[in-house]
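Enquirer: One letter stands for each residue in the lines below.
Protein chains: 4
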Amino acid sequence: MDMMMKDMMSNDMMSMPGMESMDMTLMQACMDACSACEQACTVCSTQMMDCSPACMNCADMCNTMMRSMLRMQGMTPAAMMSMLDACMAMCQVCMDKCMEHADMSEVCKMCAQSCKACMDACMAMKDSMMRMG
Amino acid sequence: MDMMMKDMMSNDMMSMPGMESMDMTLMQACMDACSACEQACTVCSTQMMDCSPACMNCADMCNTMMRSMLRMQGMTPAAMMSMLDACMAMCQVCMDKCMEHADMSEVCKMCAQSCKACMDACMAMKDSMMRMG
Amino acid sequence: MDMMMKDMMSNDMMSMPGMESMDMTLMQACMDACSACEQACTVCSTQMMDCSPACMNCADMCNTMMRSMLRMQGMTPAAMMSMLDACMAMCQVCMDKCMEHADMSEVCKMCAQSCKACMDACMAMKDSMMRMG
Amino acid sequence: MDMMMKDMMSNDMMSMPGMESMDMTLMQACMDACSACEQACTVCSTQMMDCSPACMNCADMCNTMMRSMLRMQGMTPAAMMSMLDACMAMCQVCMDKCMEHADMSEVCKMCAQSCKACMDACMAMKDSMMRMG
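Residue numbers (my numbering), protein chains in the order written: chain A, -14 to 118; chain B, -14 to 118; chain C, -14 to 118; chain D, -14 to 118.
Be aware that one or more of the hints could be misleading.
You can't tell identical chains apart in this list, so a pair holds if it fits in one copy or across any two.
Said to hold, decoys possible - Dumping the calculated SDA-like pairs for lysine to any residue here, alpha-carbon to alpha-carbon at most 25 Å: (1) 101 to 89; (2) 94 to 117; (3) 111 to 91; (4) 94 to 10; (5) 94 to -7; (6) 94 to 105; (7) -9 to 33; (8) 94 to -2; (9) 111 to 86; (10) -9 to 61; (11) 111 to 89; (12) 101 to 35; (13) 101 to 0; (14) 111 to 88.
It should be emphasised that the hints constitute simulated quantities derived from the structure, not laboratory data.
Next up, chain A with everything else stripped away, as it sits in the complex (with noise of 0.2 Å):
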């Protein structure tokens, strides 16, 4: 995302209540590791492997997760840290079932890689908000 838009949506959480204070800094590089997350795993789960299903589930929870922090005006921060729970419980399944074969397969470790750094993301992000809290 260009630095214009971080400013502006720096700008329009200003005004949300217990948001005033988000660190945009963290939550982007959030949104990043999670699109990265969706990318990573929509390229695993064709690799017809077992991981595939988690793959697919962790793809969209990493995409509504990215949406989201890009929709700040439609969440609370209640709402948030429940969805950062809920996309590092898929990250966690998809990382578990891909690093069972990412001796076998090149694609199954770069997306467990993907799905590591995304719940890393996430995990600093609602650190952050905790402490904000």
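Since the structure of chain A is already known, use the hints to place chains B, C and D on it.
Expert: Chains B, C and D in isolation, oriented as in the chain A frame:
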């Protein structure tokens, strides 16, 4: 979903640890409620009232929830409960926003009712899973 | 979708150029067929047969088609016809792939039938729009 | 998408009839433009201007287009060209709508630019495929 597809999904779940005794009737009702809520939120999001971003978030979360229930091979009971929590949280935000102008807009009123029905169906699903566990 | 929501959508369309005489019964049937096809494709995509990537593509296209019909304020007749063409093309690919093993898999057979029904509903919608135009 | 994933996708396509000589650089650029357009449209859809439904339609179509390019195993050249047409048509509608108030809104202006970039990338992709065919 037709009866035969439901039977097959039910059979698939027999071999998934922790999901053998999932209540397929509640799950079917939950998928239907998610689908109805996605549609109501999508219509409501075009009415240009201030609930619009919440409706879009809720539509995406409901679609992701429904799809995940159609792909239980890629879920665990723990991830499913976390997703149900997130779905209920988003429905709550959307319902609260839409109720603010339910008197002025029939669409918002219907959207709020769909959100409530979806929350109830998710809660029934989660309660049933907790009794199983 | 309930009757009242359908009436409202119909009213909204009265004020959209080129859409005043859209056949709402065909449009409702088309949305239902897209939704059913999204669900059948989502289930079929988990069966780990070689139709899986086509099913995922088809599920996403059907969902996008259905949502766009719920948001006609953001469409033009020309864009709608182009989307219908794309949806029919994806359903054709998915149906062809699933028919290759319809004998071996009841899920693939049902998925192919849903794709066919969705193509037919999209074609009926497009024919009706061309007669209007 | 990282280089290794791109190489694998390229390898996968070697075995798909009619896709052996697909230009992976153009396809990568097209996926990036779709992803950027989905994000810009999602932000723009929350600004409560009358482009909002068009932005939502465009965001969904761009996401579906991007995902389909990540799952070329489930595509044919003909279906891909039809999808590219639909994506260009939706970007055109969204761009036209957003340009109506580009003077009043920086977000709409950026969204229109993202739509234009996405149309250009889709057209480059389609041109390349027609030369191949």
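Enquirer: Work down the list of hints and note, for each, if the structure agrees.
Expert: Structure-based check of all given hints:
1. Proximity of residue 101 to residue 89 under the C-alpha cut-off of 25 Å is restricted to the intra-copy arrangement: shortest distance 19 Å within a copy versus 37 Å between copies.
2. Taking CA atoms no more than 25 Å apart as the test, residue 94 paired with residue 117 passes in neither setting, with 35 Å inside one copy and 33 Å between copies.
3. Taking the shortest Cα distances, residue 111 and residue 91 never come within 25 Å of each other, neither inside one copy (30 Å) nor across copies (30 Å).
4. With identical chains, the CA atoms of residue 94 and residue 10 are at most 25 Å apart between copies only, with a shortest distance of 24 Å across copies and 27 Å within one.
5. When the C-alpha separation of residue 94 and residue -7 is checked against a cutoff of 25 Å, the pair qualifies only between copies, where the shortest distance is 13 Å, while the shortest distance within a copy is 37 Å.
6. Proximity of residue 94 to residue 105 under the C-alpha cut-off of 25 Å is restricted to the intra-copy arrangement: shortest distance 17 Å within a copy versus 34 Å between copies.
7. Only between protomers do residue -9 and residue 33 lie at most 25 Å apart by alpha-carbon distance; the minimum there is 18 Å, versus 38 Å within a single protomer.
8. Proximity of residue 94 and residue -2 under a CA criterion of 25 Å is satisfied inter-copy only: 20 Å between copies versus 37 Å inside one chain copy.
9. In this homomeric assembly, residue 111 and residue 86 never come within 25 Å of each other (Cα to Cα): the closest approach is 30 Å inside a single copy and 31 Å across copies.
10. With identical chains, the CA atoms of residue -9 and residue 61 are at most 25 Å apart within one copy only, with a shortest distance of 19 Å there and 30 Å across copies.
11. Proximity of residue 111 and residue 89 under a CA criterion of 25 Å is satisfied in neither setting, with 34 Å inside one chain copy and 35 Å between copies.
12. Within a single copy, residue 101 and residue 35 get their C-alpha atoms as close as 19 Å, which meets the 25 Å cut-off; across copies the closest is 28 Å, which misses it.
13. In the homo-oligomer, the alpha carbons of residue 101 and residue 0 never lie at most 25 Å apart, since the shortest distance is 33 Å inside one protomer and 27 Å across protomers.
14. When the C-alpha separation of residue 111 and residue 88 is checked against a cutoff of 25 Å, the pair qualifies neither within a copy, at 32 Å, nor between copies, at 36 Å.
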